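Student: Fit chain B to the given chain A structure using the hints.
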Amino acid sequence: MKPKKISQFSILLLFLAVTGSAGVQEDFSAANSHYGAGRYGEALKIYLQINYQLTNWQVLYNSGNCYFKLDQPLAAKIHYLRARKFRPLNSSIARNIAIVDKSFKDVIAPETPDFISRTIQVLEARLSLNVLSLLLLAAILLLNVFLFLLLKKGRNKKIIYGLVFSLFLSLALGAYHYNRMTGQKQTSNAVISAENSVLRSGPGKSNTELFKINPGLEVKIIDRNRDWVQVSASPQVAGWIELKRLTLI
Amino acid sequence: MKKTGKTIINTLWLLLMATPFVLPAIEAEVRAAINADKIGLDDTLIYTLTFKNINNPIQPDLTFWDDFKTLQTSRSSEFQFSNGASTSSTSFTYYLMPTRTGKLILPPIHYSHEGRDYQTQSLTVDVVKGSLNPRPSPQTNQPSPSKDDFFASPFQNQQPQAVDARLQAVISKINCLKGEQLLFRIFLYTRNRIEAVNMISSPSFAGFWQEWFPVPQSIAASSENVNGLIYQVYEIRKAALFANESGTLTIPALQFELQIVDSASMFFGAKPVRRSTQAIKINVNEPPAAAAGLPVGQFSFLVSCPQTMANSNDIVTLQIKINGSGNSKTVIPPTFPNNELFQVYPAKISQENIYNSLDLAGTVKAEIPVSFNKAGAVTFPALEFKYFDPVSRSIISLRSQPLLIQVSGEKLKQDKSMTLPQSAIVQKGEDIDFIKSGPIHDQARYFYRQDWYAGVIVLLFAINLLFLLKITIWQRYIIGSPLLKNRQILSLTLRRLAPVQHYEDIAAILDYYCTEKSGLGFAEINNQKIGELLHQRHVPVNSIEKFLFIKSQAELAKFSPLKKTQAELKSDLQLLRTLLKAIDKKLK
Numbered sequence: 001m002k003p004k005k006i007s008q009f010s011i012l013l014l015f016l017a018v019t020g021s022a023g024v025q026e027d028f029s030a031a032n033s034h035y036g037a038g039r040y041g042e043a044l045k046i047y048l049q050i051n052y053q054l055t056n057w058q059v060l061y062n063s064g065n066c067y068f069k070l071d072q073p074l075a076a077k078i079h080y081l082r083a084r085k086f087r088p089l090n091s092s093i094a095r096n097i098a099i100v101d102k103s104f105k106d107v108i109a110p111e112t113p114d115f116i117s118r119t120i121q122v123l124e125a126r127l128s129l130n131v132l133s134l135l136l137l138a139a140i141l142l143l144n145v146f147l148f149l150l151l152k153k154g155r156n157k158k159i160i161y162g163l164v165f166s167l168f169l170s171l172a173l174g175a176y177h178y179n180r181m182t183g184q185k186q187t188s189n190a191v192i193s194a195e196n197s198v199l200r201s202g203p204g205k206s207n208t209e210l211f212k213i214n215p216g217l218e219v220k221i222i223d224r225n226r227d228w229v230q231v232s233a234s235p236q237v238a239g240w241i242e243l244k245r246l247t248l249i
Numbered sequence: 250m251k252k253t254g255k256t257i258i259n260t261l262w263l264l265l266m267a268t269p270f271v272l273p274a275i276e277a278e279v280r281a282a283i284n285a286d287k288i289g290l291d292d293t294l295i296y297t298l299t300f301k302n303i304n305n306p307i308q309p310d311l312t313f314w315d316d317f318k319t320l321q322t323s324r325s326s327e328f329q330f331s332n333g334a335s336t337s338s339t340s341f342t343y344y345l346m347p348t349r350t351g352k353l354i355l356p357p358i359h360y361s362h363e364g365r366d367y368q369t370q371s372l373t374v375d376v377v378k379g380s381l382n383p384r385p386s387p388q389t390n391q392p393s394p395s396k397d398d399f400f401a402s403p404f405q406n407q408q409p410q411a412v413d414a415r416l417q418a419v420i421s422k423i424n425c426l427k428g429e430q431l432l433f434r435i436f437l438y439t440r441n442r443i444e445a446v447n448m449i450s451s452p453s454f455a456g457f458w459q460e461w462f463p464v465p466q467s468i469a470a471s472s473e474n475v476n477g478l479i480y481q482v483y484e485i486r487k488a489a490l491f492a493n494e495s496g497t498l499t500i501p502a503l504q505f506e507l508q509i510v511d512s513a514s515m516f517f518g519a520k521p522v523r524r525s526t527q528a529i530k531i532n533v534n535e536p537p538a539a540a541a542g543l544p545v546g547q548f549s550f551l552v553s554c555p556q557t558m559a560n561s562n563d564i565v566t567l568q569i570k571i572n573g574s575g576n577s578k579t580v581i582p583p584t585f586p587n588n589e590l591f592q593v594y595p596a597k598i599s600q601e602n603i604y605n606s607l608d609l610a611g612t613v614k615a616e617i618p619v620s621f622n623k624a625g626a627v628t629f630p631a632l633e634f635k636y637f638d639p640v641s642r643s644i645i646s647l648r649s650q651p652l653l654i655q656v657s658g659e660k661l662k663q664d665k666s667m668t669l670p671q672s673a674i675v676q677k678g679e680d681i682d683f684i685k686s687g688p689i690h691d692q693a694r695y696f697y698r699q700d701w702y703a704g705v706i707v708l709l710f711a712i713n714l715l716f717l718l719k720i721t722i723w724q725r726y727i728i729g730s731p732l733l734k735n736r737q738i739l740s741l742t743l744r745r746l747a748p749v750q751h752y753e754d755i756a757a758i759l760d761y762y763c764t765e766k767s768g769l770g771f772a773e774i775n776n777q778k779i780g781e782l783l784h785q786r787h788v789p790v791n792s793i794e795k796f797l798f799i800k801s802q803a804e805l806a807k808f809s810p811l812k813k814t815q816a817e818l819k820s821d822l823q824l825l826r827t828l829l830k831a832i833d834k835k836l837k
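Here the protein sequences come in this chain order: A and B.
Counting from 1, position 89 in the first sequence corresponds to residue 89 in my numbering; the numbering is continuous, with no gaps.
To convert, count from 1 in the second sequence and add 249; that's my numbering.
Only chain A is shown next, with the shape it has when bound in the complex (with noise of 0.2 Å):
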C-alpha cells in the first residue's frame, strides 16, 4: 500500500472513531435530558443501548439511578456495582448503593478495610490499568535503552545503576500489572437474586441448608463446582448456592 493510501486509510478510521464515539456521546446526553425530565424509562432505554456498544461508569451508574427510580432497587444494586468496579472510591456509587440497600432485607456491612487494604485501593483506583500498561511498555523501554547504552559505551557506574533500576521497575510492574489482568479476568463479586435462596454447607441440593437468604445480598465468590458457587457475605455467612440465583457483576 502506497504511503498516499495508508495516510488516506487512517483519516478515514479516525473520522469513523470521532463520529462513532460523537454519536455515543449524543445519546448519553439525551438520556440524561430525560432523566433530568422525569423520564426514566426513556432514559434507561438509551443507557441500556450505549452499555451494548461500551463500558463505562457513568452508563452504568446512571442506568441504576433509572432503575432505583422506576423502583427496581435488584437491578440499581446491580449496575452500581458494576459501576464501581470501575471507580472503585467513587462517593456518588457507594452513598447510592447505601440507599438502595434500605430496599434489602439482607445487608452486610462492609468490612473497613485495614491500611494496607485502604492503600492498595487507593493505587488500583488512582492507576487505571491501561496507565499501568503504558507504564510497563516505559519500563521495558528503558531498560532496552540502558541495555543499548550498556553495548556502546561498555561498563559504567551509571550505566550500570540505571540496567538495575529498570530491571526491577519492570519486574515490578510487570507482577502488578499481571495480577491486575488476572484480578480483571475473574468475576469474584455477584448479587443474590433469586426470592428463597439458601445457602447450604455443600455443592448440591442434598447438603444442609445453613442460612436462608434474600435477594440483594452481595457476595464474594469464593469457589466453583459446576453449577454451584462457594459464596461468602461475611465472615461468619458463607455457603454453597446455585449459580443461576446470582448475578454476577
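Watch out, some of these pointers could steer you wrong.
Stated by the list, open to error - Simulated crosslink set (DSSO-like; lysine-lysine; CA at most 27 Å straight-line): (1) A:105 / B:614; (2) A:205 / B:660; (3) A:205 / B:578; (4) B:660 / A:105; (5) A:244 / B:578; (6) A:102 / B:834; (7) A:105 / B:301; (8) B:597 / A:244; (9) A:220 / B:301.
Stated by the list, open to error - Which residues of chain A face chain B? A partial, calculated answer using Cβ under 8 Å: (10) 35; (11) 54; (12) 55; (13) 59; (14) 86; (15) 92; (16) 95; (17) 147; (18) 236.
If you are wondering where the hints come from, they were derived from the structure by calculation, not from laboratory data.
All of these numbers come straight from a predicted model, not from anything done at the bench.
Think of the CB as a built atom: it goes at the ideal place given N, C-alpha and C, for glycine as much as any other residue.
Tutor: Below, chain B alone, put in the same frame as chain A:
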C-alpha cells in the same frame, strides 16, 4: 563493577529464559498409571487416576469394564505450594482383578472440567495364568509382631517383618438409638517411629452423619502392654457419628498409609506402610414412637432479646440458642407465630461445633428479626423445645420464658412487601446522588488485550534479547574468536588505509598489520623477518618485493624532503590493498 555487570547480565538472561515458563497458567491434567505391565490372573492390578489442578473431581466409574472387576477403590488428595504456585492433585486408586488372560486394554478415561475435555492414555496389561506374586510360605506362620494383628490387613503380606504397626477402631457404643451421638476413634499401636499418617479411604460411610474432629498438630502417645510387648498408642482420628437409619449398620474398614521412619535407610527416610482398621457393626434402634422426629441427646435451650424497649418502626432480633450433644444438623429451632402485634421474618440460622475430648457439642443459633405492628407492651410467647434423652430414655421438654418488650412511638405506614419501594426511602429524606454527565469512553477496552500491545512487548523483549546476545555471546565468543580476529586485522588495516593523505602514515598501519599477523613485537619486526615470513607462507616473490618496497618508501617518507604526489599515493594505496588481500589469504 565488572562483577556486578556480569551478575545483572546473567539475571537478565535467566529472566528472559524464564519468561515463557512463568506466563502460562497452571494447567489441569488427568493421568492414568498402572503398577505392573504383566500380572497373573489371580493378582490384583493397581490402577491410579490422578487429577492435577482439578478441584473435587468426580470419581470415574470403572465397573463397566468387562476385562476387569473393581475390588476396591480409594481416594487421596495432595496440595503443594511451590515457587509461589499452588498445585493440587487428587488420586483415585482402583484395585482391579482381571477376568481373563491375554493382552487386556484399559480404555482411556474421558473427563470434562470447566468446558475442557481431558483424556488419559489407554494402557495394556499382559495377563497370564496363575499369580506372579510369590505367596507366603507356610513356615512364616511362626509368631511375629506383624502377624498377630488385631485385625486382618489386606496389605500385611506386602510389609516387611520389622514393621510393627496396627490400627484399631473403637466405638463408644455398639447398641444405640437412631440420632444418638457415638464417638468413633482410631488408635495406632506401634513399636516403630511414625512420621506421618494419611487416611486413604473415603471418610464418609453410609447410614451415618459424621463429623470428623480436626486433626491436631501433634498427637501425644500413651504406652500399653499388649501380649508382653510395650506399644506406643496414638489416637490418630476421631469422629462423632449419628446414625440416621435403624438396623445393623457397618462402619467399613478404613485404610491408612503410615510413614514409618526407616532407620536402615542411608538418609533416615520414611517408608510407607498401609494398614486398615477393622470393620465395626452397630445395632441401631428406633427411638420410641412418641420421640419420632425429635433430636436425640441432651440439650439446653435459651431464648433471649437484646432489648426490653423498642420503637414501633424498629426491627428487633430475637435470639434462640440450642446447645447439646445431639446432631445439631437435625435441630430445628422453634419460631414465634405471627400475630396482630408483631410480624416475624425468616430466621438466620447458624451452627457451631465444639470438639470436646469425649464428645462433640453442637450449638444452633437462630436470629429472628421481628417488626411491630403497633405500640404497646408486646409479649412474645414462651417457646417449647423437645428432645429425646437416651440416658433417661424419656422425652424432655424445655420451655423458655415469655419475652416482654415495651414498644413505643407512632407506627409509620409502610408497604407490607419485603422490598421497600424507592418512594418510601425518599420519604425518609434520602435520595440517591444525581446522574453523571460528561465525555464517556469504553473503559473495558484494555491495551493489554490488543494485538499491538502484545506486539510491542514482544518486540521490546526481542530487542533486549538481541542486545544481550550481542553483549555476551557475540562479543565474547564470535568477535573474540581467532578466526574473526584475523579477518578483523585485514579489514581494520584496509579501513585505516582509506583516509590516508600522507605517504608516511602508511608505515604505522603496516607495522600494526605485520605485528598482529606475525605475533612478533614492534622491537622484533623488520623487513627481513617479514620477507622470511611471507616467503615461508608461499607468498609470490613479486608480491613480497612490492609490499616491502611500499613499506620502506613509507618509512623513508618521514625523513625525505621529496613528497609523493596525490596521484602516486592513490596508485600505491590501490596496489597495497590488492597486495594485502593476496598476502592475507596466505597468512590465514
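Student: Decide, hint by hint, whether the structure agrees.
Tutor: Going down the list of hints, with the structure as the test:
| no. | hint | result |
| --- | --- | --- |
| 1 | A:105 / B:614 | holds, 19 Å |
| 2 | A:205 / B:660 | violated, 41 Å |
| 3 | A:205 / B:578 | holds, 15 Å |
| 4 | B:660 / A:105 | holds, 19 Å |
| 5 | A:244 / B:578 | holds, 26 Å |
| 6 | A:102 / B:834 | violated, 93 Å |
| 7 | A:105 / B:301 | violated, 42 Å |
| 8 | B:597 / A:244 | holds, 22 Å |
| 9 | A:220 / B:301 | holds, 26 Å |
| 10 | 35 | holds, 5 Å |
| 11 | 54 | holds, 4 Å |
| 12 | 55 | holds, 4 Å |
| 13 | 59 | holds, 6 Å |
| 14 | 86 | holds, 5 Å |
| 15 | 92 | holds, 4 Å |
| 16 | 95 | holds, 5 Å |
| 17 | 147 | holds, 4 Å |
| 18 | 236 | holds, 7 Å |
Violated hints, in rising order: 2, 6 and 7; the structure is consistent with all others.
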